[in-house]
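Novice: With these hints in hand, go ahead and build the complete structure from the sequences.
Respectively, the protein sequence lines represent chains S and C.
Heads up: the first sequence begins at 1 in my numbering, then just goes up one per residue.
Heads up: the second sequence begins at 1 in my numbering, then just goes up one per residue.
If you're looking for bench data, these hints aren't it; they were derived computationally from the structure.
Beta carbons: idealized from backbone N, C-alpha and C, even for Gly.
One thing to keep in mind: the hints can contain errors.
To be verified - If we take Cβ atoms under 10 Å as the criterion, some of the chain S residues that face chain C in the derived model are:
#1 L31
#2 F33
#3 A35
#4 M148
Said to hold, decoys possible - Coverage of chain C stretches by chain S, computed from C-beta distances (three or more under 8 Å per stretch; other residues unrestricted):
#5 102-114
#6 134-141
#7 272-281
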Amino acid sequence: MTMTAQTASLATPVSKSLRRKRIRGSSIAVLVFLAMWAAFVSIPLYVVIVTSFKTMDQVALGQVFALPTEWTFEPWRKAWSEVCAGMTCEGVSHGFWVSMKILFPSLLISIGISSVTGYALALWKIRWAGTFLFILFLCAFVPFQIIMIPLVVLISSLGIFGTIWAVAIVHSVLAMPLLTLIFRNFYKDVPEELINAAIMDCGSFWRIFFEIILPMSANIMIVVLILMITTVWNDYLIGLVFGGVGTQPMTVILANTVITSFGEVQYNVDMAAALLTAIPPLIVYFAVGKFFVQGITAGAIKG
Amino acid sequence: MAIRWSWASPRIALIPALTVTAVAFLGAICWTIWISFTRSRRFPDYAINLAEWTRQYERLFRDNAWETALKNVLILAIGSALAIVFGFILAAMIEREKRGEGFFRTLFLYPLAVSFIVTGIVWRWMFNPDLGIQNFLRGLGWESANFNWLADPQTAMYGIILASIWHGLGFYMALMLAGLKSINSEIWSAARLDGVSFWRLYIEIIIPMLKFTFLTCAILLSLGVVKTYDIVLAMTGGGPGTSTWTPAYFVINSYAARGNIGYASSAAVMMLLMTAALFLPLVLATAWQARRREAMAQ
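Specialist: In structure tokens, the structure reads:
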């Protein structure tokens with residue numbers, strides 16, 4: 001990746017003066033076309049942001065693109081702490097904290113299991129490792145609906161149905177195949193000499209993992225973390241099916257607020273609630289966008 | 001002792017993953033397949049009546065809602081395929097233009113960080129007939145503008161397609177951009193020296209070189225389409241009527257609203273079969289790609 005970028009930047013100065021003159025017109029056309037798509041992509045975000053700062057009186061005028069005549073934070077406050085989702089009226093803040101509580105155990109369990117499994121499959125000679133990887137590869141693409149009902153039965157029999165742990169465990173189970181493949185693909189490129197030397201030196205599976213492998217996995221850890229944070233945070237179905245009253249994540253609360261609300265619809269509050277739900281993954285995206293791209297492409301291709 | 005221990009630990013470390021795979025994936029799939037042949041309703045009933053073991057499937061294929069769901073999945077797949085086409089065009093333009101590459105890439109990709117629920121809610125607001133885009137267009141003087149797609153069974157799916165394209169466009173663009181960057185830069189300069197026209201360069205050289213990327217995109221798209229649930233729920237709730245049901249929506253509805261586990265399982269098994277049918281090409285393509293890479297390395 002960096003190699004091609006470097007060669008490209010080395011090559012451009014030579015051809016730049018020549019190319020600039022010739023394709024000026026088409027260059028403008030291209031930029032106009034890109035700008036149009038950029039507008040298509042950004043208009044919904046713009047509309048949602050301005051709506052969330054309008055008063056309901058202004059929203060009722062029906063000018064979606066107009067800026068708020070009177071900026072108000074009231075919809076945001078209501079969305080955070082007052083808005084009703086079904087029977088309870090405590091805003092989306094409760095869902096926010098539930099989502100946080102689901103997130104951390106999910107990350108810990110899934111990354112813990114998958115990194116160790118990926119390491120064992122990549123660097124230790126294990127019979128049937130290839131077969132197991134192939135099965136994991138197939139599992140990574142299984143639609144959730146086919147295993148949903150048996151998981152409900154299983155989780156109920158463990159007596160944790162409807163708790164935060166149920167949601168976190170199901171997230172970890174579902175993520176395990178893909179994450180294991182990502183870790184395995186990363187660890188298989190660790191130089192063999194290094195591992196052989198380490199085995200000669202101490203030979204302990206766990207010591208090699210904690211002292212050599214983990215310290216060199218910072219990059220892949222960030223990629224996997226981003227992948228998991230966005231998946232868990234944005235999930236709706238698992239939270240809906242496995243979460244109980246009071247343990248439903250933010251997306252479920254949001255959907256209940258917007259879709260099954262009674263009485264007069266407060267669009268500005270709905271939009272503020274939607275933004276509040278979308279902000280955490282967006283922060284992750286804008287803060288570490290480069291790794292985000294790596295994460296999704298790793299999730300897509302190497303899976 | 002030390003050697004024996006180093007033999008045992010990697011195998012012990014694999015136990016959790018093996019258990020999860022065996023129980024939560026393979027076991028669960030077998031359970032669902034088994035239940036789909038039974039008469040289970042609210043609670044699992046493990047007895048299979050051999051005289052009418054395909055009962056749930058026979059009911060399923062007579063169900064109009066299931067037929068709608070299958071039709072919708074097809075419409076959605078064809079419609080969302082535009083995301084791949086536009087994703088490629090955008091990637092090609094960004095790659096060619098270079099100026100503003102980082103900016104456009106960041107902008108096109110941000111919807112992917114937004115959940116389907118939020119995407120659906122946002123677009124539902126845009127489609128609002130009284131306060132959304134339609135009202136805006138009419139205010140500009142286009143009196144007959146009709147943007148109230150979600151209220152009409154004929155057009156509701158197009159609304160969902162539009163929102164899906166908005167959400168997925170950047171993803172396919174990123175994959176295509178990665179594919180374009182992996183093309184040897186000598187090809188571009190060679191084509192320029194030979195005076196190959198712009199269109200011929202793309203149609204005859206670049207697109208054939210990216211056929212594996214296109215195939216990956218197509219398969220990922222169709223796997224995603226089969227699983228479509230959240231965005232439908234957030235935009236239309238399956239309605240009007242059952243006009244925007246998808247197979248995934250059908251399964252959840254049979255399970256949660258109708259409380260019929262056997263019926264939901266049979267629909268889930270059909271989803272698995274669809275996924276398998278889409279998945280086979282991916283496996284074959286990956287094997288083919290790996291073989292080609294080996295051949296090139298030699």
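Novice: Now look at each hint and say whether the structure bears it out.
Specialist: Hints versus structure:
A distance limit of 10 Å between C-beta atoms decides the matter here; for L31/S the minimum to chain C is near 7 Å, and the interface restraint holds. For F33/S, the interface hint holds, since its Cβ comes within 10 Å of a Cβ in chain C; the closest pair sits about 6 Å apart. Nearest Cβ of chain C to the Cβ of A35/S: about 9 Å, under the 10 Å cut. The hint holds. Because the beta carbon of M148/S sits about 7 Å from the nearest beta carbon in chain C, less than 10 Å, this interface hint is met.
With 11 residues carrying a beta carbon less than 8 Å from a beta carbon of chain S, the segment 102-114 of chain C meets the three-residue requirement, and the given coverage holds. Chain S is given as covering the segment 134-141 of chain C, and this holds because 3 residues of the stretch bring a CB closer than 8 Å to a CB of that chain, at least three being needed. Evaluation of the coverage hint for the segment 272-281 of chain C: fulfilled, as 3 residues show C-beta separations to chain S shorter than 8 Å, against a requirement of three.
When each numbered hint is compared with the structure, no violation occurs for any of them.
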